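Trainee: The chain contents come next:
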Amino acid sequence: MTPAFTIDVAALDIAYREVQREVHPDRFATASDAEKRLAAQWATQANGAYRTLKSPLNRGRYLLQLSGIDTEEERNTAMPLEFLVQQMEWREAVVEAKAAKDDAKLAQLATDQRSEEKQLFAKLAEQLASKVSMPGARETVRKLRFLEKLGEEIDIAAEEIES
Amino acid sequence: MALLQIAEPGESTAPHQHRLAVGIDLGTTNSLVATVKSGVAEVLLNHDGNKLTPSVVRYFADGRCEVGAKPKAEQADDPANTIVSVKRFMGRGMADVAKYGTLPYKFVDAPGMVKIETVAGVKSPVDVSAEILKVLRVHGEDALAGELVGAVITVPAYFDDAQRQATKDAARLAGINVLRLLNEPTAAAIAYGLDNASEGTFAVFDLGGGTFDISILRLTRGIFEVLATNGDSALGGDDFDQAIAAHWRRLHGLVGADQKDMRRLLMAARAVKEQLTTTEEAATEIHLSYGQTLKVKLGRAEFHSLTSHLVDRTLLPVKKALRDAKLGIDDIAGVVMVGGATRMTHVQSAVNAFFARPLLNNVDPDKVVALGAAIQANVLAGNKTGEDMLLLDVIPLSLGLETMGGLVEKVIPRNSTIPVARAQEFTTFKDGQTAMVIHVVQGERELVKDCRSLARFTLRDIPPMVAGAARIRVAFQVDADGMVSVSAQELVSGVMAQIDVKPSYGLTDAEIASMLQASFTHAGADAEARVLAEARTDASRLIEAASAAMRIDPELLTVDESVAITDGILALGRVSEAADPRAIKAAIERLSTATESFAAKRMDKSVSAALTGKSLAELR
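The listed protein sequences correspond, in order, to chains R and Z. Heads up, the first sequence is in this note's numbering, so the first residue is 1 and it goes up one at a time. Heads up, the second sequence is in this note's numbering, so the first residue is 1 and it goes up one at a time.
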């Protein structure tokens, strides 16, 4: 496969399974310890690679890393003010919906989160394809990290309302 | 044999001998042992001629114990010394056990896991489970007329690392070589999937006597890929019995019933519960202490309203699993029902209503787990089945580290496919800090106190630096067995510390060995002969595989490798003639090391062949 953001996920699934079929430690049940170790390493690597390539956010990060760009998600918190304000509003809305046990509101927030995420992924695909807008892609990845977190919070809130 | 498998799948090389291996379903209520005979998985009969052995152990004052149907029938005679549902105590502390309500045992608090005081001494849940496993091992060996190479033992998918370790320890105490701990819903999926040649995404709803699991699996051409699992390791059929018994106690004013009467109530409750799966109403008599006879009855509707909260508790994990798998109900092709407790009609209708899908229960829900375990045991013992079966399972609970303020930093998220390895960097908190405690925890909650503590170790000799300057890389590894190991390294200086995660009660190898020695009085000569025979078998397998690999892929060999492997083969052949298992093992290790680079090249070749040799259409 050539490195690209837009990939054939079905082909990735198939390739992953075919590799595991060859290297998984269970295929080496009666093999020597050396081979078992090797198989375990391969299978671990295959799982790691699959995890990276399957998730679009991880894939974006990885492509940036290949171009020598660190996404600096831990350290760099400088984000456009407008974006941060929107995030805060959403977070507050999640907290309020959870407190009010408002399923409908939470479902609406989940829809908003998904549509925003979808737009950002489209933008990221464009930026990564153009090669020149790598710093922009880095910011998009950071924004997507915020949205991923928001999605997790919506899920947790939904679980708490259910239980 | 692996070296050969790569080039010629399906062809067996090793001496044509079937290695005896079994699958064991160590259940809360009943346990089963199964094996694959002539390609077909079947449950083996116990000495009573039954397939199910009740997981009940009674201890006597002379140190003896009984396992199975007899102590189960007599449990009300001696409740304090007759341990039922011991699986619920595996790897559990006093606080966990308290949640199960009043129990007739004298619990003793011990680090990591409770123990039970019996007339035969203090027993840990590991000891009690080992007694059940010993009986199952003997059933297996008698039914197959031979020594077992090993067993696959099933555990609830939602068991944490402490519960898994406890199960593994129990098996070792019972003298069983554990080929793999296999998740129960995954085992069920194997048996079901292979039986029905199913393809697609399935949910396995597994409600047993004491545990509940939900797993979402994708079945593709013999590959069983677990996408997500969730559950409640403290919810099962037992809780329904307790609810009925509590209802009768209130209704009949039996507030101060003694332990024997409590057991009688529970036994009656179970009988009534089972009857209600086929009838609208059930009644029975309970012969209480002091000669009183109590007539009890229960209607289905009443039973359902008494226990609907328990059924509701199963649906939350189901939703979580779907969410983790990023799937909706429409993506699920069918729901496989596993575990005796799924026979309850309100459980079936709740699952049916939730999924709006057919419930698949054409493989006996009591046996399907043992059958799946037997199939996996057959594969792991090295008996080729002809089917290209492979399992890709996940860890059920996230693994992480304690950070400042008692917070958990997750390093490996739940539902990661194993084997998996991940590392994360941490730093020091104080100026001049020279040591760091690495506290490994498991669970989903944000606070350490709400998660399960797995292990703690200290990285020392960090060179003094200002706070935040040290770079400590903590690496987690989970192998295909789901066993965890963690290492920490300070990257500036290179100092390192490592630990295989073992819970605090965990038995050391030496302890297990001495306990085994004590239990096998006739160890000695037999055992030595067995070790020698096994070493010789391993040697001949390796020689055949290495020779075959050299024949198949000579172009991958350098001259040096070719010489080293040939030397290794000859040396191993010579050593195998002599009766020294240690020398054979050493020669095996040497040959195995000599083949390492060759094996790596062959694996590269097979992987690239898998990826490029075929068209996508073929792979689909």
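Note that these hints are calculated values from the structure, not bench results. Model, not experiment: these values are computed from the prediction. One or more of the hints may lead you astray.
As the list claims (entries may be wrong) - Here are the simulated DSSO-like pairs of lysine-lysine, each with C-alpha atoms no more than 30 Å apart in a straight line:
#, chain 1, residue 1, chain 2, residue 2
1, Z, Lys-326, R, Lys-105
2, R, Lys-105, R, Lys-118
3, Z, Lys-319, R, Lys-118
4, R, Lys-149, Z, Lys-37
5, Z, Lys-449, R, Lys-98
6, Z, Lys-319, Z, Lys-297
7, R, Lys-98, Z, Lys-297
8, Z, Lys-99, R, Lys-101
9, R, Lys-54, Z, Lys-601
10, Z, Lys-326, Z, Lys-297
11, R, Lys-118, Z, Lys-51
12, R, Lys-54, R, Lys-101
13, R, Lys-123, Z, Lys-326
14, Z, Lys-601, R, Lys-36
15, R, Lys-101, Z, Lys-72
16, Z, Lys-449, R, Lys-101
17, R, Lys-105, Z, Lys-319
18, Z, Lys-601, R, Lys-101
19, Z, Lys-51, Z, Lys-326
20, Z, Lys-410, R, Lys-36
21, R, Lys-98, Z, Lys-410
Trainee: Would the pair R/Lys-118 and Z/Lys-51 pass a check requiring their Cα atoms to be no farther apart than 30 Å?
Mentor: Since the Cα atoms of R/Lys-118 and Z/Lys-51 sit roughly 54 Å apart, the hinted pair is violated (cutoff 30 Å).
Trainee: Would the pair Z/Lys-601 and R/Lys-101 pass a check requiring their Cα atoms to be no farther apart than 30 Å?
Mentor: 58 Å, violated
Trainee: Mind checking the alpha carbons of R/Lys-105 and Z/Lys-319 for me, to see if they're no more than 30 Å apart?
Mentor: 19 Å, holds
Trainee: Can the restraint linking Z/Lys-99 and R/Lys-101 be considered satisfied, given a maximum Cα separation of 30 Å?
Mentor: 28 Å, holds
Trainee: Hint check: R/Lys-54 vs R/Lys-101, CA-CA at most 30 Å. Holds or violated?
Mentor: 33 Å, violated
Trainee: Is Z/Lys-601 within 30 Å of R/Lys-36, Cα to Cα?
Mentor: 14 Å, holds
Trainee: Between the alpha carbons of Z/Lys-449 and R/Lys-98, is the straight-line distance 30 Å or under?
Mentor: 24 Å, holds
Trainee: Are R/Lys-101 and Z/Lys-72 close enough, with their CA atoms no more than 30 Å apart?
Mentor: 47 Å, violated
Trainee: Within a Cα-Cα threshold of 30 Å, do R/Lys-105 and R/Lys-118 meet the stated pairing?
Mentor: 20 Å, holds
Trainee: If you draw a straight line from the CA of R/Lys-98 to the CA of Z/Lys-297, is it 30 Å or shorter?
Mentor: Violated, at roughly 43 Å.
Trainee: For the pair supplied as a hint, R/Lys-98 and Z/Lys-410, confirm whether the alpha-carbon distance does not exceed 30 Å.
Mentor: 24 Å, holds
Trainee: Is the straight-line distance between the alpha-carbon of Z/Lys-319 and that of R/Lys-118 30 Å or less?
Mentor: Satisfied, since the Cα-Cα distance of roughly 23 Å is no more than 30 Å.
This entry does not satisfy hints 4, 6, 7, 10, 11, 12, 15, 18 and 19, going by the numbered hints stated previously.
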